[in-house]
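> Sequence:
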Amino acid sequence: MKLATALVAALLAFTAVPAALAAEYTKGIVKKVDLRAGKVTVIHEELKNLDMPAMTMVFRTADDAMLETLKEGAEIEFVADRVAGKLTIIELK
Numbered sequence: 016m017k018l019a020t021a022l023v024a025a026l027l028a029f030t031a032v033p034a035a036l037a038a039e040y041t042k043g044i045v046k047k048v049d050l051r052a053g054k055v056t057v058i059h060e061e062l063k064n065l066d067m068p069a070m071t072m073v074f075r076t077a078d079d080a081m082l083e084t085l086k087e088g089a090e091i092e093f094v095a096d097r098v099a100g101k102l103t104i105i106e107l108k
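Take 16 as the starting number for the sequence shown in this note's numbering and just add one per residue.
Just so you know, these hints were derived from the structure itself, not from any lab.
Remember, it's a predicted structure, so these values are computed and weren't measured experimentally.
Don't take each hint at face value.
[Stated by the list, open to error] The calculated SDA-like cross-link candidates involving lysine to any residue, where the alpha carbons are at most 20 Å apart (straight line), are:
| # | residue 1 | residue 2 |
| --- | --- | --- |
| 1 | Lys54 | Asp78 |
| 2 | Lys47 | Glu60 |
| 3 | Lys86 | Asn64 |
| 4 | Lys86 | Ile105 |
| 5 | Lys46 | Thr84 |
| 6 | Lys46 | Met72 |
| 7 | Lys54 | Ala80 |
| 8 | Lys42 | Ala99 |
| 9 | Lys108 | Val45 |
| 10 | Lys42 | Asn64 |
| 11 | Lys42 | Lys108 |
| 12 | Lys86 | Val73 |
I would like the entire structure built from these sequences, with the hints used as guidance.
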């Protein structure tokens with residue numbers, strides 16, 4: 016019986032992990048793209064995972080290819096996080 020209980024608990028733990036790791040996208044509008052500096056300025060809604068209210072902020076991007084796809088005035092959905100202490104867009108729709 017103890018083995019069955021442990022097995023069920025382990026199974027529940029593994030099924031809960033993907034939900035916890037699911038990215039929550041935030042809507043924003045690209046205000047400025049600075050290719051030379053590798054930064055983008057975004058007017059965004061609340062960043063819940065970073066506990067930040069809606070505002071305008073400068074972000075780095077996870078890679079240069081992502082930065083090159085962004086255009087001023089574009090409406091985007093993104094996931095941001097701190098990478099090496101810097102606010103970074105890590106996913107982009």
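> Taking the earlier hints as the rules, which of them does this structure contradict?
3, 8
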